Every structure is written in structure tokens, then in C-alpha cells.
Amino acid sequence: MMAKNLFQKVWDAHAVRVLANGQTQLLIGTHLIHEVTSPQAFGMLRDLGMKVKYPERTFATVDHIVPTDQREQPFSDPLADAMIKELAKNVEEFGITYFDLSTGKQGIVHVVGPEQGITQPGTTIACGDSHTATHGAFGAIAFGIGTTQVRDVLATQTIALGKLKVRRINVEGSLRPGVYAKDVALHIIALLGAKGGIGYAYEYGGSLFDSFSMEERMTVCNMAIEGGARCGYVNPDQKTFDYLKGRPYAPSDDDWESVVDKWQSIASDPDCAYDDIVNISAEDIAPTVTWGVSPDQGFSIEGKIPDPMEQTDENERLSIQEAISYMKLEPGQPIKGTKIDVAFLGSCTNGRLSDFREVAKYIKGHKVSPGVKAIAVPGSQIVDAIAKQEGLDKIFNDAGFEWRAAGCSMCLAMNPDKLVGDQLCASSSNRNFKGRQGSPTGRTILMSPVMVAAAAVSGKVSDAREIFQFDAV
Amino acid sequence: MISKRQFFMSLEKVRKINGRSVYVPGNDMDTDRIIPARFMKCVTFDGLGEYLFYDVRKDLDGNDKNHPLNEPRYFGASVLISNANFGCGSSREHAPQALYRYGFRAVIAESFAEIFFGNCCALGMPCVVATQESIKSLAELINAVPETEVSIDVVNSEVCAGDLKFAVDIPSGAKKSLMNGKWDPIAELQEAEEPIAHLVTELGYLKRN
Numbered sequence: 001m002m003a004k005n006l007f008q009k010v011w012d013a014h015a016v017r018v019l020a021n022g023q024t025q026l027l028i029g030t031h032l033i034h035e036v037t038s039p040q041a042f043g044m045l046r047d048l049g050m051k052v053k054y055p056e057r058t059f060a061t062v063d064h065i066v067p068t069d070q071r072e073q074p075f076s077d078p079l080a081d082a083m084i085k086e087l088a089k090n091v092e093e094f095g096i097t098y099f100d101l102s103t104g105k106q107g108i109v110h111v112v113g114p115e116q117g118i119t120q121p122g123t124t125i126a127c128g129d130s131h132t133a134t135h136g137a138f139g140a141i142a143f144g145i146g147t148t149q150v151r152d153v154l155a156t157q158t159i160a161l162g163k164l165k166v167r168r169i170n171v172e173g174s175l176r177p178g179v180y181a182k183d184v185a186l187h188i189i190a191l192l193g194a195k196g197g198i199g200y201a202y203e204y205g206g207s208l209f210d211s212f213s214m215e216e217r218m219t220v221c222n223m224a225i226e227g228g229a230r231c232g233y234v235n236p237d238q239k240t241f242d243y244l245k246g247r248p249y250a251p252s253d254d255d256w257e258s259v260v261d262k263w264q265s266i267a268s269d270p271d272c273a274y275d276d277i278v279n280i281s282a283e284d285i286a287p288t289v290t291w292g293v294s295p296d297q298g299f300s301i302e303g304k305i306p307d308p309m310e311q312t313d314e315n316e317r318l319s320i321q322e323a324i325s326y327m328k329l330e331p332g333q334p335i336k337g338t339k340i341d342v343a344f345l346g347s348c349t350n351g352r353l354s355d356f357r358e359v360a361k362y363i364k365g366h367k368v369s370p371g372v373k374a375i376a377v378p379g380s381q382i383v384d385a386i387a388k389q390e391g392l393d394k395i396f397n398d399a400g401f402e403w404r405a406a407g408c409s410m411c412l413a414m415n416p417d418k419l420v421g422d423q424l425c426a427s428s429s430n431r432n433f434k435g436r437q438g439s440p441t442g443r444t445i446l447m448s449p450v451m452v453a454a455a456a457v458s459g460k461v462s463d464a465r466e467i468f469q470f471d472a473v
Numbered sequence: 001m002i003s004k005r006q007f008f009m010s011l012e013k014v015r016k017i018n019g020r021s022v023y024v025p026g027n028d029m030d031t032d033r034i035i036p037a038r039f040m041k042c043v044t045f046d047g048l049g050e051y052l053f054y055d056v057r058k059d060l061d062g063n064d065k066n067h068p069l070n071e072p073r074y075f076g077a078s079v080l081i082s083n084a085n086f087g088c089g090s091s092r093e094h095a096p097q098a099l100y101r102y103g104f105r106a107v108i109a110e111s112f113a114e115i116f117f118g119n120c121c122a123l124g125m126p127c128v129v130a131t132q133e134s135i136k137s138l139a140e141l142i143n144a145v146p147e148t149e150v151s152i153d154v155v156n157s158e159v160c161a162g163d164l165k166f167a168v169d170i171p172s173g174a175k176k177s178l179m180n181g182k183w184d185p186i187a188e189l190q191e192a193e194e195p196i197a198h199l200v201t202e203l204g205y206l207k208r209n
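Chains as they are written, first to last, in our numbering: chain A, 1 to 473; chain B, 1 to 209.
Next comes chain A alone, as it looks inside the complex:
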């Protein structure tokens, strides 16, 4: 039999048929929904007199608009309140499982799926959210869709899609102390560009990914879309299976052995072909930060702001000019030392338990710099609960962070957590677009959670290795 990669195997298994236009009708095994991109889809469904075909295969939660401080309903924002009511109405009417605020299981949809064991290897997963790629960490083909496609999944459990090519990204070796999965994600995006992945699924592999925890794999897959790749994945292995075992929606113990056999079989065959291969050495990756308004405008913490005049491509020159003017930075200026106003820890990229545990190790005994507003926002109510059992909330509070309740928070500012004016935010989130964090002139520098903590305590963009004590490896 011809050797195949995981993407090809999962695609072939889920292909219902070829449509008249040549696209594939692809079965979506698992559908996740949230309050922002689903209401119009339910509206279209009603207009067409259709029903949700497989309600047991759709799971809902609320994340984008929920406040992370005031949690009682009605919310003070009437628009947000209307959206959450609309979601409640829709899931009730169509019989969809809903992890709402009262369940203790609510959270960012990409944190909830894995946490509940809904995210499984070899499946197709879609959600009206571009960071659905996160679930690829489990060896699933997971991608974001628009609202019309949300309707298609609700009505038929399928969508029309053209097949992607597959680029294997090998990262060999181990990371230097103070370098994290987030740096790997930012490094890959800076290397291949924000549009480098258009038309591709990214398969992340090599010894670094083998050694990564599931949460580290999620961080990298999460940002596949920032590199233009609609999905990214890691082949499933024993870590994947161990993570899932015993979770509420994972297969039962009786079925476990046979399911794991099946999961193992969907990993890429050793001699399979790829459309492209990129090799990266883990030792070459530095703590990485962005300096512009696109996630590929990033470099090592030692980097200096590029000079647009040195660019030969006119569009590229304009992009740099626009970025540094928006960011209020000067060509040649080192990024290190840039004063920050806000520090944000959280999001579907870095709002998991391991992120808070890692930061907690370093911020003990440190204080957030005066004048810096620092918030730590768990990705789910479960992350929040476990963090509190471990006393992490206290460590953060003592250091001067505000420990908040679960939600998307300041990643996209559809809730009260927003930048004000041209505040500069050191952020563990995934996008540094103009206005992304809620103020039309707000500025974002993306970095790892530990680098966010270093910025918070020093009041400026810093190399965490110069602020905290790292163990030599």
C-alpha cells in the first residue's frame, strides 16, 4: 500500500464524495461552536427550515464575549448579554451540549475541547474560529471555517473543501533554557512568513516535537494559521494517548486498546511523501518577539527594528513603514528596553495550566513594575480551579497580577478587557494586528508567557534570561 501522511489518511477516510466543482465533501467528525460566529448560522438554518443533523457531534461554549471579572448575568454590556442568550436559545432548541458558565467546564473553545477529551486523533474538527488548528496537536485535521460553513456542518455534518498540500516542518534538538514552544511558533512564522502556509497543512515533527508535552504542541499548532496554514498537526504518540485517557469524552476503558491501535495507525507512515519539507534546528531558536503588526514581523529579543529603506520590494517597504509608524518605533532601535503598559497572560495560545505553572516558578518574589497593568486569565474554568488548588492564583496576585476568570479576554477585546489609547501590551496571545486588543491605536508585542512576566516585572520588553534565574540544561 502506498505510504501516506496523516493528513492524507484522515482526509481520505472523511471524504464523502467529490462534488460537481471538484472539491471534496468532507465529513466533519467534531464541530465546536461559540457565541460569536454561530448565531447567524442558526439563523440561516431556520430561514431554510433545516435542523441540526447530528446534534451529538456539536459542542458549544462561550468565550469571546464573557467578561473575566464580573460574571453574573445579565452582563453589563447588553450586546454581549444578547449574544450569550442567543447561544443558550440555539443549543436548547437543537439539543447541543453546552459548557456554559454554570457548568464549571466553560472556557476558550480550544482549551475546552482537549480538556474534555472531545479532541481526538484521526478526526476532523471544525469551528468558526481560525485557531481551531490548535486541536491538530492530537493528530486531528482541525481548521477554522466561516459562518456559512458552520451552517453547512450543522445541517449536514459536512463541508465543501479543496484538498491541502502538506509541508513537514522538522525541528531537531532541544530548546535552550528560557526558550519555549511559543518561541518555536513565532520563529517558524517569521521564517516562512504570514502567507507562507497558504494552500498547506503543516505537519510539525522531529525530536523537539517528540519531546514536547501536549500543551506545548497545542501552542505551536494554534499559530499555524498565523503562518497562513489553515491547519497544523503533530502525529499522535503515547503522550497523546496518556493525555486523553480518562477524560470525560475520551473512549471508555473497554474500547481503549482497540481505539489506541486505530489512533497509532493514522500517524504518517515513515516513508510517506510531503509536498515540502523545512528543517529547523531547535538550538537556533531564541526568545522571540514581534515588532510590527503582522505575526511574521518578529525576531530574536536581541533584534533591532528594520529599516524600511533597506527593502527593495516596494510593498514590503510600505509594510515595514506602516508597522513601525503604528508601533511608534524607530529603525535601528533595539526592541529590548521598549517600555510596556500592559502585560497579558492567557488566550488559546498560552492560557493553559502549564503556562501558569511555568510563569509561577519565576515570578515568586518579583513584583509587577509600577504603572504596568498585568492580568492572568486562565483558558478555562478547569484551568482556573486547578491553578487555585495549586495556589498559583495567589502567586500571581502576590506578584501584582490580577487573576481573572476564564475567557478570551484581551486577545481580541470583544469583552471589557481592552487596551486604552496607544498602550503597549506584552502579550502571550497570537495576533499583533492593528487594533486587535481593543483600542484602534493599541499596540501588541507577542511573546512567550515567561517573557510576558519578565516584561511585567521590569516594565519593559526584556530577555527573561536576564530577569529570572534559569537552570542550565
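Hints may be right or wrong, so weigh each one.
[Said to hold, decoys possible] Partial list, computed: chain A residues near chain B (C-beta under 7 Å):
hint: 1; residue: Leu27
hint: 2; residue: Pro39
hint: 3; residue: Ser130
hint: 4; residue: Lys195
hint: 5; residue: Gly196
hint: 6; residue: Arg230
hint: 7; residue: Ser439
hint: 8; residue: Pro440
Keep in mind that the hints were calculated from the coordinates and are not lab data.
All values reported here derive from a predicted model rather than from experimental measurement.
Glycine residues also receive a C-beta, built at the ideal position from the N, C-alpha and C atoms.
Position chain B against the provided structure of chain A, taking the given hints into account.
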């Protein structure tokens, strides 16, 4: 409410788009810029056109800033021209909805982010890919003579404007859907009810809970 039959019969065959155009320069035009997140606090897409490119078009007091869409000479444009990686970032269909409701019926750019491309296609709004040189020539022409009519021939993958004529790329799946009036796939997807049911069971999805 329209009937299902009326809905599917009503899909227009998108073969040619003719109209005036406007060039909004820049690479990596993300969907947050096309429609800032705060305007997504809504349960319908109605009214989104008003907020298209809001934060780059308006200052903090709501007054017009220097932006092509604010220039009267481009008013009424139905073809948007931009550069590489247009529509990147968030999957929000609110972005193509805002473009459509503002009055755009097609986008010409150097490349498109995939989710955005699919979302536009599902609205019957073609996204066609042109080379950097073609975009540059077209932009120069439009900026000099804004009333130039731009014609996008979806069937023949060609753009004409004044004396300018160049080939564009439209992926075959999107092209067929648009020209045959099948850009909303729901009817065709529904036809496969039985094979879907078979596959859902075979892959064990109904056992997982």
C-alpha cells in the same frame, strides 16, 4: 422567509463582474482591520457595511481619515483591489459580509488567506489572484482615472480595464461554483445524506460521547 426551493433557484450565475474599483494598498490586510471585533457583537450580519475598515477610515471621534474609501472619486466602487495575503487572520465571515454589504462584489489581490477566500465564495463574491505587476498597473490606472470600468471575466480568468488586460487565477473549484450558480453548496451537500450517515457510523462518531 423564502422556501428552500426559491433559495437554491435564486443563486445567481457569477460569470462577469463589471464596476468601478478602488485600490486599498497593503500586504496582510487582516480581517480585524476589515471589520474590528467590537462590531461583531451582533446576532445578524445586517448593518456591517457601515463599519468596513472602520478604524483605518475613521479617527477616534468618528471623522474621516485619509483612506481611499473616503475619497469621493472612488465612491460607488464595487471591485476592491489590494495586495498579498488579503483577509488573513480571524475566520470571521463578518469581513466578507461587511465588504459585500458596503457594495463590493469582487476582490482582486496578489493572494488571499484561505478561510477568507472560502467565505467570499460562499457569498458569490469572487476573489481573483493577479500578479504584483498586474495589480500595480491596474492601481496606477484606477488612481489616474477612477471612473474606469473594471471587468472581471470569471469564466475566462481575465481582467480588463481601459487598455489594460491581464490574466488572473481563480481556483477551479471556486470558478465552477461561481459560474454555474452553485456557490452556496448546501443543496448539494444535503444530497449525500445516506453516504454521510454511513460514514458517521463507520468512523465511530456516534459511539463517542
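Quick rundown of the hints versus the structure:
| no. | hint | in the structure |
| --- | --- | --- |
| 1 | Leu27 | holds, 5 Å |
| 2 | Pro39 | holds, 4 Å |
| 3 | Ser130 | holds, 4 Å |
| 4 | Lys195 | holds, 4 Å |
| 5 | Gly196 | violated, 10 Å |
| 6 | Arg230 | holds, 5 Å |
| 7 | Ser439 | violated, 9 Å |
| 8 | Pro440 | holds, 4 Å |
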